[in-house]
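If you read the protein sequences in the order shown, they are chains E and C.
When we follow our numbering, the leftmost residue of the first sequence carries the number 1, and every step to the right adds one.
When we follow our numbering, the leftmost residue of the second sequence carries the number 1, and every step to the right adds one.
In short, the hints are calculated from the structure, not lab data.
As the structure is a prediction and not an experimental result, all values here were calculated from the model.
Glycine included, each C-beta is placed from N, C-alpha and C at the ideal position.
Incorrect hints may have been included.
Stated by the list, open to error - Cβ-to-Cβ under 8 Å is the rule here; a few derived chain C residues that face chain E: (1) Arg57; (2) Phe89; (3) Gly103.
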Amino acid sequence: GAGVSQSPRYKVAKRGQDVALRCDPISGHVSLFWYQQALGQGPEFLTYFQNEAQLDKSGLPSDRFFAERPEGSVSTLKIQRTQQEDSAVYLCASSFFPQGAGNTIYFGEGSWLTVV
Amino acid sequence: GESVGLHLPTLSVQEGDNSIINCAYSNSASDYFIWYKQESGKGPQFIIDIRSNMDKRQGQRVTVLLNKTVKHLSLQIAATQPGDSAVYFCAENGGGAQKLVFGQGTRLTINP
């Protein structure tokens with residue numbers, strides 16, 4: 001596609017509910033990232049994939065957060081037993097090369113999660 | 001820990017004036033820096049980047065300056081337009097790491 005596509009754009013979840021957020025990166029992009037952005041803050045790193053391999057998950061805040069990219073393209077971020085502090089915008093980003101090369105990272109529009 | 005911050009949380013300029021948005025970073029190992037623009041309800045949009053072997057890079061109406069001595073980054077926007085209103089984030093890669101570290105952001109407001 002023309003850009004990074006995320007769905008759903010908006011999600012309201014009841015506390016305790018599981019949610020799944022989908023990311024379609026730019027076609028052919030090797031690197032895929034998930035970031036979390038709280039209101040009024042800058043994005044914070046959650047996890048990084050190079051193709052299907054999850055090389056860094058140091059930013060995932062708890063074991064309720066899980067991400068996968070089984071075929072090296074589409075990725076899903078899953079949050080189990082959602083809590084109010086999980087309310088944020090979840091941004092997916094991709095880049096053509098593996099990271100470390102300083103190549104441009106393109107972001108999607110984000111999935112806005114509100115936990116009530 | 002490493003952090004990237006901004007000197008001013010808000011900046012208000014007159015339409016047509018030049019804007020300068022500043023950023024301080026603390027990780028001396030960072031070798032790649034990016035400026036993003038984020039409009040309300042949208043994801044961050046890439047504006048311009050610069051590698052540590054450069055001290056200046058120009059794009060269309062934008063210039064990024066890097067001062068490694070004082071670990072300072074700035075974004076200059078020439079002839080600011082209403083469409084430039086947004087929050088601007090600087091980010092750095094911590095010396096080749098897979099993750100970008102973002103600053104808190106500066107909200108740029110254009111006065112007519």
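message: For each hint given before, does the structure comply? Return the numbers of the non-compliant ones in rising order.
response: Per hint list: single violation, 1.
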